[in-house]
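Participant: The whole structure should be built from the sequences, with the hints applied where relevant.
Following the numbering used here, the numbering of the sequence shown begins with 860 at its first residue and continues without gaps.
Within a straight-line C-alpha distance of at most 20 Å, the following computed EDC-like cross-link-like pairs (lysine to aspartate or glutamate) qualify:
no. : residue 1 : residue 2
1   : K881      : E870
2   : K861      : E1115
3   : K861      : D891
4   : K945      : E880
5   : K945      : E888
6   : K892      : E1105
7   : K945      : E1115
8   : K945      : D891
9   : K1009     : E1058
10  : K945      : E975
11  : K945      : D934
12  : K1009     : E1115
13  : K945      : D1004
14  : K861      : D895
15  : K892      : E1115
16  : K1009     : E1029
17  : K1009     : E999
Taking CB as the label site, the calculated pair distances span:
no. : residue 1 : residue 2 : range
18  : A877      : V921      : 16 to 26 Å
19  : P1096     : R1152     : 38 to 48 Å
20  : I1148     : A877      : 57 to 67 Å
21  : P1076     : T1144     : 41 to 51 Å
22  : S996      : W1046     : 20 to 30 Å
23  : G1094     : A884      : 28 to 38 Å
Treat the hints as calculated values from the structure; they're not laboratory data.
For every residue, glycine included, the Cβ atom is placed at its ideal position computed from N, Cα and C.
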Amino acid sequence: MKIATAAYPMEVLADWEAYTEKLTAWVREAADKGADLLVFPEYGAMELATLSGAEIAADLEVSLQAVAGYLPAADRLHAALAQRFKVHILAASAPVFADDEARPVNRARLFAPSGEMVAQDKQIMTRFEREIWQVESGEELQVFDTALGKIGILICYDSEFPLLGRALSEADILLVPSCTDTLAGYWRVRIGAMARALENQCVCVMASTVGDCDWSPAVDENVGAGGVFGPPDAGFPDTGILALGELNTPGWTYAEVSLTNVRQARETGAQLNRRHWIDQETRSTAAQITQLR
860 MKIATAAYPM EVLADWEAYT EKLTAWVREA ADKGADLLVF PEYGAMELAT
910 LSGAEIAADL EVSLQAVAGY LPAADRLHAA LAQRFKVHIL AASAPVFADD
960 EARPVNRARL FAPSGEMVAQ DKQIMTRFER EIWQVESGEE LQVFDTALGK
1010 IGILICYDSE FPLLGRALSE ADILLVPSCT DTLAGYWRVR IGAMARALEN
1060 QCVCVMASTV GDCDWSPAVD ENVGAGGVFG PPDAGFPDTG ILALGELNTP
1110 GWTYAEVSLT NVRQARETGA QLNRRHWIDQ ETRSTAAQIT QLR
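Facilitator: Put into structure tokens, the structure is as follows:
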């Protein structure tokens, strides 16, 4: 299959038609290049707040409510585009107020070419999300069995936690939509994504927001690039890098991915990290402190 992963610039949208045209252009471009799976970044949906005006978009709290309000229409648009272009799309994640909860979750939605949608919530909040924005953890992790293979989603910070990655060890492909405001933040997520690809011997796809958004106090600065990673083993590059976009440059990054290579790495690889994970269980208790003077 071919995977397209985005370095996505958010912008001020004049109206709903502008958003429709923008998203359609992005999806059309990737589909025309033969992409089967399109991955958008974390919190890329925050640009929807600009549809309610500059004052709303600039309000940290009210912008959450505004974006959540546009999400049903955005989901219908994504479903229609997935059907029209016959692709799988991971939509940019967005705040969702689930079941009348007082605080939102950060939710990504995956669309199939049938138009069917499944959702994955972020598990572990960053300091900004928990201390300032008060976004909360959502529903538990899932593995989605699709026509492209088994797909798991680790939203940004989630990719930095090995046990979350291990919970998705049945996945052939891990999607890591991210939103980072510094080069250090980008590298934290990228290192996490590459580590999860190594441990699970799978393909890991990272998407990023890029560019400045002075209209928002939440996503005002964005640093990143698209990337597709695998285990440095037979069938994959020695670096583990299948494709890497240029830093802070908007656009798609493409990679050809073979699930046969994933299976071969897991079964007959030079190392068998995924299979040998359980060998840690008797050796991972807190280490004794031994003094050396």
